[in-house]
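Line order of the protein sequences matches chains A, B, C and D. Just so you know, the working numbering puts 189 at position 189 of the first sequence, and the rest follows in order with no gaps. Just so you know, the working numbering puts 215 at position 215 of the second sequence, and the rest follows in order with no gaps. Just so you know, the working numbering puts 274 at position 274 of the third sequence, and the rest follows in order with no gaps. Just so you know, the working numbering puts 223 at position 223 of the fourth sequence, and the rest follows in order with no gaps.
One or more hints might be untrue.
Identical copies look the same in the list; a pair holds intra-copy or inter-copy alike.
[As the list claims (entries may be wrong)] Derived EDC-like pairs (lysine to aspartate or glutamate); straight-line CA-CA distance at most 20 Å:
{"id": "1", "residue 1": "Lys-209", "residue 2": "Glu-70"}
{"id": "2", "residue 1": "Lys-287", "residue 2": "Glu-123"}
{"id": "3", "residue 1": "Lys-287", "residue 2": "Asp-118"}
{"id": "4", "residue 1": "Lys-268", "residue 2": "Glu-123"}
{"id": "5", "residue 1": "Lys-268", "residue 2": "Asp-286"}
{"id": "6", "residue 1": "Lys-268", "residue 2": "Asp-158"}
{"id": "7", "residue 1": "Lys-103", "residue 2": "Asp-127"}
{"id": "8", "residue 1": "Lys-209", "residue 2": "Glu-138"}
{"id": "9", "residue 1": "Lys-268", "residue 2": "Glu-223"}
{"id": "10", "residue 1": "Lys-288", "residue 2": "Asp-118"}
{"id": "11", "residue 1": "Lys-103", "residue 2": "Glu-92"}
{"id": "12", "residue 1": "Lys-268", "residue 2": "Glu-246"}
{"id": "13", "residue 1": "Lys-288", "residue 2": "Glu-38"}
{"id": "14", "residue 1": "Lys-288", "residue 2": "Glu-246"}
{"id": "15", "residue 1": "Lys-288", "residue 2": "Asp-117"}
{"id": "16", "residue 1": "Lys-8", "residue 2": "Asp-251"}
{"id": "17", "residue 1": "Lys-287", "residue 2": "Asp-257"}
{"id": "18", "residue 1": "Lys-287", "residue 2": "Glu-115"}
{"id": "19", "residue 1": "Lys-287", "residue 2": "Asp-117"}
{"id": "20", "residue 1": "Lys-287", "residue 2": "Asp-127"}
{"id": "21", "residue 1": "Lys-288", "residue 2": "Asp-127"}
{"id": "22", "residue 1": "Lys-103", "residue 2": "Asp-257"}
Hint data in this document are derived by calculation from the structure and do not stem from the laboratory.
Number of protein chains: 4
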Amino acid sequence: MVVRIKRKPVEELDFLVDSVLDPHTPPLARVEPGETVEIETWSALARVTNPVTGPIYVDGAEPGDALVVEVLDIELPGQGTVAIIPGFGSLEGWLRLLEPRRKTCAISDGRIAYETDDGRTLELAADPFIGTIGVSPEFEAITSLSPGRHGGNMDCPDVRPGNRLLLPVFRPGALFKLGDVHAVQGDGEVCGVAVEVDAVVTLQLGLRKGWTIGWPRIESPDEIMTVGSARPLEDAARHAFREMVEWMASDHGWERDDAYMFLSLAAKARIAQIVDPLYTVVAKLDKKYIGGV
Amino acid sequence: MVVRIKRKPVEELDFLVDSVLDPHTPPLARVEPGETVEIETWSALARVTNPVTGPIYVDGAEPGDALVVEVLDIELPGQGTVAIIPGFGSLEGWLRLLEPRRKTCAISDGRIAYETDDGRTLELAADPFIGTIGVSPEFEAITSLSPGRHGGNMDCPDVRPGNRLLLPVFRPGALFKLGDVHAVQGDGEVCGVAVEVDAVVTLQLGLRKGWTIGWPRIESPDEIMTVGSARPLEDAARHAFREMVEWMASDHGWERDDAYMFLSLAAKARIAQIVDPLYTVVAKLDKKYIGGV
Amino acid sequence: MVVRIKRKPVEELDFLVDSVLDPHTPPLARVEPGETVEIETWSALARVTNPVTGPIYVDGAEPGDALVVEVLDIELPGQGTVAIIPGFGSLEGWLRLLEPRRKTCAISDGRIAYETDDGRTLELAADPFIGTIGVSPEFEAITSLSPGRHGGNMDCPDVRPGNRLLLPVFRPGALFKLGDVHAVQGDGEVCGVAVEVDAVVTLQLGLRKGWTIGWPRIESPDEIMTVGSARPLEDAARHAFREMVEWMASDHGWERDDAYMFLSLAAKARIAQIVDPLYTVVAKLDKKYIGGV
Amino acid sequence: MVVRIKRKPVEELDFLVDSVLDPHTPPLARVEPGETVEIETWSALARVTNPVTGPIYVDGAEPGDALVVEVLDIELPGQGTVAIIPGFGSLEGWLRLLEPRRKTCAISDGRIAYETDDGRTLELAADPFIGTIGVSPEFEAITSLSPGRHGGNMDCPDVRPGNRLLLPVFRPGALFKLGDVHAVQGDGEVCGVAVEVDAVVTLQLGLRKGWTIGWPRIESPDEIMTVGSARPLEDAARHAFREMVEWMASDHGWERDDAYMFLSLAAKARIAQIVDPLYTVVAKLDKKYIGGV
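Could you build all of it, start to finish, from the sequences and the hints given here?
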């Protein structure tokens, strides 16, 4: 039986508890490692800023462990919203005179319809993922708009069904929260907004005890990935690549400088977003190069 | 008949003329638009810093035109070199105690062999491209280590056979130079060096008269791309994305803010390199969204 | 009569409440606008990271007001500590092989003695100020290591006796906290640490009702100042300068572009620190240019 | 007898030679070390971008030496110009709708008159300095808009009469150029323009043979200074502070980590400009702390 975790009614959302990842909010639910849960999430454009559902207390999670999140499924609604929000977005001040805009995109059968201003309909394949997903920081309450070592608003399309997200645990129970599902997003999320949707996310939560990591990590069937967030953007990339070097060294026997040279030949690097309080880069390496993970 | 443009003997390389893209060096060759040329290039690790072959004067090229470079073929040698150069590389100061390293990688049948420090041989598919390729700046002589609006050391793997590079022309004849072929490179070129090779490059050079562009652009069979370079890295991304918005607006009828929103859903963004004097980002859009280019 | 606000015993310090500026911690004291208080502060090197004393609830403070902090006096102890903390500091990775260091500096009669490694004693004039001082953010609990719109760890030497600090109010009562007094600090606080001391600070707290400001501001007898914090450092400067333009426009009748040009001739800009999670710049303008404030 | 070096007639200015610092332009004059020269300079707003007068060949200057420039006098004209140039300036995109502006400021008796838009006249004390001053780079021709290790467009108010500028020599004869005098400038030069003037500058040029420095340095009667330029701005500060540590270590017997800690207590840091292709920071230390220089 899969537990369903309901989101709050929209009128009860309170940014002091629902727009942060934090160690203070009382758990909304408690799960055993290995358990599968269905979680209802709000769109980032709901009544308060980017509300997140949770926290979920994972039994046995302790600082120094890694939380293992298997993303099993994301159920999309029939439409989503994209927008221009002046004062927000990567080309703010680089394009002249941006005005507020909002478009609704129909979603059906895994296709998203974008209506251009000149009347064409462009179809994009839905590629849903969880934009904001993370654990409680060690002692701060961090806005759900920001990514960081705790996960948070990474806006990383690789947090998608079929992939596994690994998060460092800082507080007992991990205190996991999530929200901000995107039906599809381009790299950089350049205007600051993707196709924002309410959604139902199915996850299996587990633990790797005593596996201490510095930044969020992702495994797909073919790749290992590390997710760094910082400003300026090159520091996000440096965090991601250093974390990859550490992973290759600690778990796969590489010398650090050898790993560094090899990544210079074989890594991939995606800009996840350049619009949030910290920017996010994902570094990737094909699993065939490291032995089975 | 294909013209062959020979590189200088290594002992004649002079960094005052061979390590810059500049308006002063007398042309090494002169070509008609539409002509195909074979150009010998030096490895970036040759006697002077990143030597470039040229300049090639393209008849009829005038400021305000775009130079069209069809990359037809890259002939690789039997081996290449990767290295760690202390003081250079994206994790300088982030990984402790980096010492100089140099490895030779055998290349054959489109495969590159990387020998790890613990004795494994990892095979990478060769994916050769031209690391440094550009035209004369308007009035500066810019080190061949730096990318910019003029192209230069973009270290962008998309400048590969089968793709078309478009460069703004700033000086009569364009004064095109190139070098620094990489047999393969990871995104970010994180240690500062790829598999560096001497090579022979086959190109067809053409012109789009009166087509004024702000930054280098690339066309593959499936995508259009823009290449921005700056520090910090987010400004490289902003240049690339703004140039993409301009391209969509000027040639394909998009409203600028509509293009901006759509890129937020559909763009790809690759980090080309974070090791040169300016960093480089490539923004990409699938051609199916813009109508045929 | 001056109220004395005691700091917690060191063994009771808890980073969940004492290393953040936040809306959740119950007030330690309550004051009327106009009241003078003496506050005991811990050194940033105390048992938990940069502990702050408070919060102090200021009666009548509401979001949209400005909290007015007159810094009257700072009482220094007989010694302070400077240190190198590897992994922290502006030249981390730029100077090789930094090892942990710690030096005690004697303080007496307003003089600080620095003993160099080669046995000289250098005397610096004490110039004490409050390194970390701020109000509760709107809904986050921000680490006391970070500066921001709410004040926090600005490490700005202009928050000194004789000057007035103005802070935006985000929560009822303002929820003011402070700590991290420095006996003296250089611009940039380059190694990450100044002469860190426990101290007793005397302040008068007041309100400007309905005076909404974007960033902390300071008034000395001769200058008005704005304090911006961000990464990269140029964005800290931009926040500070834009806030100065806004101040000149809203309170002193300047056209914004006229203020912008005039600041280009007359402003001063000090780098406060380049070591904290966000960096801090102080922009200054002589009061003679704006009419009496 | 003082040699007078005339600037070119304005109609002969050519940006290929007059808007760069470069190793190619034939010397305009040749001087002996110790010689005093009067040099006419153009305003940065002259016909071509930021024209510089020179190059001046200093007899005996070799790579690895330092060029010593004693700034003796700057003769100002009766007026100067400040402007807003859209697309240029630190708050471009941060203030809305900047339009081109230009104001003339009368200069007399060491006073500069700024007429505000609302009809007030504000008087600033003239504090003239040389905005662009440097030597030839090793092999590039760098735009006179950019600062760097070679000096160039540092826009640093400390290059003023009474102070001594020290520049690294990269080419035989140093190939010294200068221009862009400012009658007064605020820190940051925030709108991108100061009070721009044509001027006559009196300098004495000398050499420190075999004194190899990494970045421009300045000595005033009371302070030693280092000038770093980079993007982002924190890297400019890091270059300046590391150069100061090196100076203290190599010439004054400090241990590097001791110098680093001491600068954290005693340094000053001014933002020179945040508008040019690289940004500039000046780090300063009181001479009383280092022994006589």
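Against the structure, the hints come out as follows:
no.: 1; hint: Lys-209 to Glu-70; result: within (16 Å within a copy, 51 Å between copies)
no.: 2; hint: Lys-287 to Glu-123; result: between (32 Å within a copy, 13 Å between copies)
no.: 3; hint: Lys-287 to Asp-118; result: between (44 Å within a copy, 18 Å between copies)
no.: 4; hint: Lys-268 to Glu-123; result: between (27 Å within a copy, 16 Å between copies)
no.: 5; hint: Lys-268 to Asp-286; result: both (9 Å within a copy, 19 Å between copies)
no.: 6; hint: Lys-268 to Asp-158; result: both (13 Å within a copy, 13 Å between copies)
no.: 7; hint: Lys-103 to Asp-127; result: within (18 Å within a copy, 40 Å between copies)
no.: 8; hint: Lys-209 to Glu-138; result: within (17 Å within a copy, 36 Å between copies)
no.: 9; hint: Lys-268 to Glu-223; result: both (10 Å within a copy, 18 Å between copies)
no.: 10; hint: Lys-288 to Asp-118; result: between (46 Å within a copy, 16 Å between copies)
no.: 11; hint: Lys-103 to Glu-92; result: within (19 Å within a copy, 29 Å between copies)
no.: 12; hint: Lys-268 to Glu-246; result: within (17 Å within a copy, 27 Å between copies)
no.: 13; hint: Lys-288 to Glu-38; result: neither (33 Å within a copy, 36 Å between copies)
no.: 14; hint: Lys-288 to Glu-246; result: within (18 Å within a copy, 40 Å between copies)
no.: 15; hint: Lys-288 to Asp-117; result: between (45 Å within a copy, 17 Å between copies)
no.: 16; hint: Lys-8 to Asp-251; result: neither (41 Å within a copy, 44 Å between copies)
no.: 17; hint: Lys-287 to Asp-257; result: within (19 Å within a copy, 40 Å between copies)
no.: 18; hint: Lys-287 to Glu-115; result: between (39 Å within a copy, 17 Å between copies)
no.: 19; hint: Lys-287 to Asp-117; result: between (43 Å within a copy, 18 Å between copies)
no.: 20; hint: Lys-287 to Asp-127; result: between (22 Å within a copy, 19 Å between copies)
no.: 21; hint: Lys-288 to Asp-127; result: between (25 Å within a copy, 17 Å between copies)
no.: 22; hint: Lys-103 to Asp-257; result: between (48 Å within a copy, 12 Å between copies)
Figure legend: structure checked against the earlier numbered hints; hints not met, in rising order: 13 and 16.
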